[in-house]
Amino acid sequence: MKLYNTMTKQKEEFVPVEPGKVKMYVCGPTVYNLIHIGNARPMIVFDTVRRYMEHKGYEVNYVSNFTDVDDKIIAKAAEEGVSAQEISQRYIAECKKDMADMNVKPATTHPLATQEIDGMIEMISDLIQKGYAYDVKGTVYFRTRKFAQYGKLSHKNLDDLRSGSRSLLVTGEDQKEDPLDFVLWKPKKEGEPYWKSPWSDGRPGWHIECSVMAKKYLGEEIDIHAGGEDLIFPHHENEIAQSECCNGKPFAKYWLHNGFLNIDNKKMSKSLGNFFTVREIGEKYDLQVLRFFMLSAHYRSPLNFSAELMEASKNGLERIRNGVDNLKHMINAAEEKELTQEEKENLKKAQELAEKFDEAMDDDFNTADAVAAIFEIVKLANTTANAGNAKEYLRQLKEKIAQLSDILGLITEKEEEMLDSDIEKMIEERQAARKAKDFKKADEIRSKLLEKGIILEDTREGVKWKRA
RNA sequence: GGCGUCAUAGCCAAGUGGUAAGGCACGGGUCUGCAACACCCUUAUCACCAGUUCAAAUCUGGUUGACGCCUCCA
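Residue numbers (my numbering): 1 to 468.
Because the hints were derived from the structure by calculation, they are not lab data. No experiment lies behind these values; they were computed from the predicted model shown. Incorrect hints may have been included.
Said to hold, decoys possible - Below 25 Å or equal to it, Euclidean Cα-Cα: the simulated DMTMM-like pairs (lysine to aspartate or glutamate) are:
(1) LYS9 to ASP159
(2) LYS76 to GLU190
(3) LYS267 to GLU308
(4) LYS130 to GLU220
(5) LYS267 to ASP71
(6) LYS464 to GLU451
(7) LYS448 to GLU428
(8) LYS440 to GLU428
(9) LYS253 to GLU12
(10) LYS216 to GLU18
(11) LYS314 to ASP101
(12) LYS96 to ASP230
(13) LYS266 to GLU311
(14) LYS452 to ASP420
(15) LYS196 to ASP70
(16) LYS448 to GLU424
(17) LYS146 to ASP160
(18) LYS284 to ASP406
(19) LYS328 to GLU392
(20) LYS105 to GLU283
(21) LYS314 to GLU283
(22) LYS379 to GLU345
(23) LYS314 to GLU413
(24) LYS328 to GLU345
(25) LYS137 to ASP70
(26) LYS379 to GLU336
(27) LYS349 to GLU376
What the hints assert, rightly or not - Between beta-carbon pairs, the in silico distance windows are:
(28) GLU18 to ALA148: 26 to 36 Å
(29) LYS2 to ASN265: 28 to 38 Å
(30) GLY131 to SER269: 31 to 41 Å
In this text, a Cβ means the ideal position worked out from N, Cα and C, and glycines have one as well.
Build the full structure now, drawing on both the sequences and the hints.
What follows is the structure in structure tokens.
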């Protein structure tokens, strides 16, 4: 399996730190509002990475934090006149709901920044002791000059960065030794939540939390660290500085970053008003459609969002589901018997397509190609399967499609729901009407059911129904 | 200004040296009372220019265009 490492700018063979295990950390959202579809991209993409790793037999320890102390949370709390904790807890709950609807598995651990303050103070103290950090009147900064490798992830020229931020020094904004130094601990302002520390009553900087949580839940050296591409600098760069200076060993072996989700080819932003929450999309679509949409492009490419593309994704996903649905229906009608030579050959083709799926995923998680392989199996099923086939043949095709879809987190089988008895009765009535060639009545009944969200389909094997 | 990414059919999107996967949409047709599902047929020489090569979407140089990071941000 190869994956693209931002650090080395190339695809590398994946070799875990510990054989058979994957330790992976994904930067999670700051919880001050409902998550937007841009937040959803890394969740879906890296959940898919996780599922694929598990499919390959790895035991995956997946850690993703919630940043629950931050300026924006405090601002939102002030706005509503409630505590910061109330805001963060509310939106953590909402976020988890969205994740479930997108079929994103809960992380092995979802640590909260506010629950890890002790660890942060410990790490900051350690960095000060080792000379990598310094305290100026209660604010603690990281001394970037001391870490020779600073900039190795984002491939920045530090002199350019320093000259670029010269204005900061001129305006005297800072008591920093160097403009690139960043905050590890800052004193509280009036009314803000705070914790006691050796330096001041205050709160941690943003970057330190991830270093601490990764270390606590995964260890000093992890396999994969992932997040949105905008986190490369400064967030991940700073994490590397903190962790490697503190632990004295490489932090993460592989750095994975997803591309942005754009709207009308522009980055989403509140000022442009081109902003959608996952919740809003969920009102119009099954969020499986959003997931399918996200997987239609490579995770590192920018992806443009539009209503038209959501429609296309909806139809595409429907095609896969119809395929599974049709197979299911045929399985009920089919007989158990020996596989014919032709059936065996077709199953072999399906197996080859499943291998193609794996090859695509092995190549830096090429989900677009992987989805294409699923479509090809669906096509194979649609063109070859009928109720006259051996039951085993149909079952295997269905299983193959469902299994590969599941690796991508796509649910192909709707749960069987019990029909209300009166709806069942209506379907029977319609069947009677059809038998009597009273099509007018039959159509009336079908229309009525449609109004209730029940779609009927007449097939050779009988009437199928599904919810709209 | 510095660093970086990208440009494939109406739309989305694979393909990184051997002659263009897949999906959506459109049109035509088959099946079924109709509809839906499904099936069949139809749709591109890969931004432009120059070069390397027997052979390039795929390598090199240039041009144009779009975008991202450098500041909180998935």
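If any of the earlier hints don't hold here, list their numbers in rising order. Result: no hint breaks.
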